[in-house]
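Engineer: Below, each chain spelled out in residue letters.
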Amino acid sequence: MIISERAEEILETLWVRTEETKKGPADLGLAQTDPAIEELRGLGFIRMDQDKITLTPKGNSAGEKVVRRHRLAERLFADVLDVRKDLVHPVSCKFEHLLHGGIEDNICILLGHPTTCPHGRPIPPGECCRKHGENAGKIVSALSAMKEKQKGKVAYIQTKDRGKLQKLMAMGVLPGMSISLIQTYPSYVFQVGQSQFAVDKDLAAGIFVRTTSV
Amino acid sequence: MNLFSKLIAPFKPSGSCCGPKAECTYATAQRKVAIVGNPNVGKSVLFNCLTGAYATVSNYPGTSVEVTRGKFNLHGAEIEVVDTPGMYSLLPVTEEERVARNILVQEKPDVVMHVVDAKNLERMLPFTLQLLEAGLPVILVLNIMDEAEKLGMRIDPLYLENSLKIPVLATVLTTGRGLDELKMRLSAPVSISEGPLSIPPDDPLEKQVQVLENLLQGNYGLAKRAIGLLLLQGDEEIASLVKTRDAKNAEAIMVLVRSAQSEDSQPLTYRIALHRQVQTNRIVGEMMSIPSRPELPLREKLSRMMINPLTGLPILILILYYGIYQFVGKFGAGFLVDAIENGFFEKVVNPWITQLFTAWVPWKLIQELFVGDYGIITLGVRYAVALILPIVTTFFIAFAVIEDTGYLPRLGLLIDRLFKKIGLTGRAVIPMVLGLGCDTMATMVTRTLPTKRERLISTILLALAVPCSAQLGVILALLAGHPTGLWVWLVVLCLVFLMVGFLSSRVLPGEPPLFYMEVPPLRLPKLSNVLVKTYSRVKWYFAEIFPMFIAASFLIWLGRLTGIFDMLAKLLESPVRWIGLPPQASVAFLFGFFRRDYGVAGLYDLKSAGLLNGNQIVVASVTLTLFLPCIAQFLMNVKERGWKTGVAISVFVLLFSVSVGYLVNLCLNGLGVML
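Here the protein sequences line up with chains A and B, keeping their order. Read in my numbering, the first sequence has 100 at position 100, and its numbers run on one by one without any break. Read in my numbering, the second sequence has 1618 at position 618, and its numbers run on one by one without any break.
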């Protein structure tokens, strides 16, 4: 079912309002004449109560999916494609509308079922995440957020600082290398290949690992 | 650690071109072998195996990083060996890497021996690929094979030889395994192989590299492909070379480089490194099998105990207690000093030499110079040999053992959080611990710290709050019988260390430093290695300080003769009185200018004469510990940090130590404490 971009935006806003900020029904206000409102009502996504709009259960689950697509898109742009920070949101706004027919699940799998967007808000889990429920440990996370004894493969390095990047590369921290975390305090000690290194939190936060076991 | 041993290895004159003329012409024709590789893979061991000499250190022109050079004879032909500082890639990040690359580029060695740690082949082979791309004649040395075998890894040198098309050897250099074959391979000329290229042909990057290769016409000392790749990775040194060596095409080249760089949101270094790693994994994956081992070996268990704060702290205390307090303090400063000082000098040397001089030299003045209270032999030589030598030697033995086990990086990672507060990182633990042996040597070693700010802060702390072993020995003797006083001294010192570090990290400009350090496997120290290291350090130490003892004795003699000495002592009386000490102590402080421990020894005499009470002993110990470093360290500060900074540090230390002495005295008396 394809709905217009404008209608998706409205769904997204309504969902965030009711589910995350818990503000209750929204004032319709100026949007009264917006054809997208009519479209959403026709699809049974919203209910009008005088000039207040509420999401129907059907609309709520549709809204959740839009938010999920938007935040997945943000993760993709920020982490993998390394788009500039101020561009992440506007680009994602456009991109989210293209992610239909299971593409968002593919992206979710690619990213290792991330749980939050780059701004720290939760990404609603999709079908693919539920399937991976039993392998809950299988996510990409920063080395600084991993637990002691966790293992995995380096997924990517994220840092804007050339010096940091080169230091990490010199240690052999490159995507695909197996890495295991030995200790987190007072310094992060990890093993990559057959060597052990100690780094501070700053450097550990730049290494992202697809973990394989807890 | 390797660089460190190089820094303090004995300075021998390099004998190459000082000899007869024939030797010079011969020297230019001889083959040259360069040893390259990551830090800690056994480059220096290979150097020592080949040349049979313990590292000859020479200054590399224009920088402060030292490069080791030597020669050996192979089937009648003389071969020059250059041991380069550790490098991770041809794209330099640190000063050491820059120096290492310059050796490859400018000296055009006939053979480049790339030494790798076999068990870390997949991490180090990308650099081999890079060396091959640069068109260098490479021999790959898979060292530390025994550790790889212990891990159950199977590595096939022949397979590597076929895929890389260069000679590949498996060695355990510490035991000499594989050395004969290595020498055999060295005697034959090494051909150049481009090796398997890392960038896949369908990557647009490959096209860009090829265009760059065509545009580059000048001579850079490395293959054009490597130069192109370095340019794409943003190498500024190469970019400026392009301006002169390819003036015609320079603009086109740089336009191409910039456009290639802007096409990618990720730095090209990262992408190129990824390609090299993929290529490496392909080669290594086909050949190497790494069984997983569920059971941790004993040394790994021990290592984890050392880096866990709960168990690591007790281990640190044990090491300090047995390594420093028992071995250096009790055995070195107690037993050995006693034996040499009382048994040898007091009973044998001094009476004999005094008698000799009084019998044969009629002039009182000259007698005073050699065998008087402050005589060159009775004070200077006796002091250096009987007091300093045993303390420093035992300390260096303990340090070499601790260093060889690989404990220091583990201490560094334990202490990093604390050191961050004073503007340093866990890396600084090496100069700081070494400072407990000799602050001058430690100041020299601060050059291994990555930023200028860290070097400056550690220089200040070494000058002020880290007592050297000679000083520690005398202070412990001075405070013997005052256990509370010892604690007060220790607490004040720690407070000063942390406070001054904290303040300087606030005041000095610069980015907060990053901490990263390789944690090498724990190893049992080798006796021969410990002895060689200790020997070369003690030798360096002696060469540095022995003349100072003689000079100090001479200056004191001269000062007393001319009356300047008494005048200065008089001048110092008032500051000495401020901190609550008897005026006689000013002489001790004057000695302290030459060497801090000289001063403390002076206090010891005062204490023996019953002129000092408990409080005064503590105040004097604190002040003299913080007091100006010895002249050698002052000179080293000037050499490493420049005139202005060196002098500024000294003035600061002088004022600060007297102020702290004043405060401690005030507190003790104010609180009515009698120690």
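Any given hint could be a false lead.
[What the hints assert, rightly or not] As a list, the in silico EDC-like pairs of lysine to aspartate or glutamate whose alpha-carbon atoms are at most 20 Å apart:
1. Lys201/A - Glu1511/B
2. Lys164/A - Glu1095/B
3. Lys164/A - Asp51/A
Think of the hints as simulated: they come from the structure by calculation, not from any bench.
Engineer: Take the hints in turn and mark each one as holding or not.
Structural biologist: Results of checking the hints against the structure:
About 16 Å separates the Cα atoms of Lys201/A and Glu1511/B, which keeps this hinted pair within 20 Å; it holds. With a C-alpha separation of about 16 Å, the suggested pairing of Lys164/A with Glu1095/B holds against the 20 Å cut-off. Restraint check for Lys164/A and Asp51/A: not satisfied, since their Cα atoms lie roughly 55 Å apart, outside the 20 Å limit.
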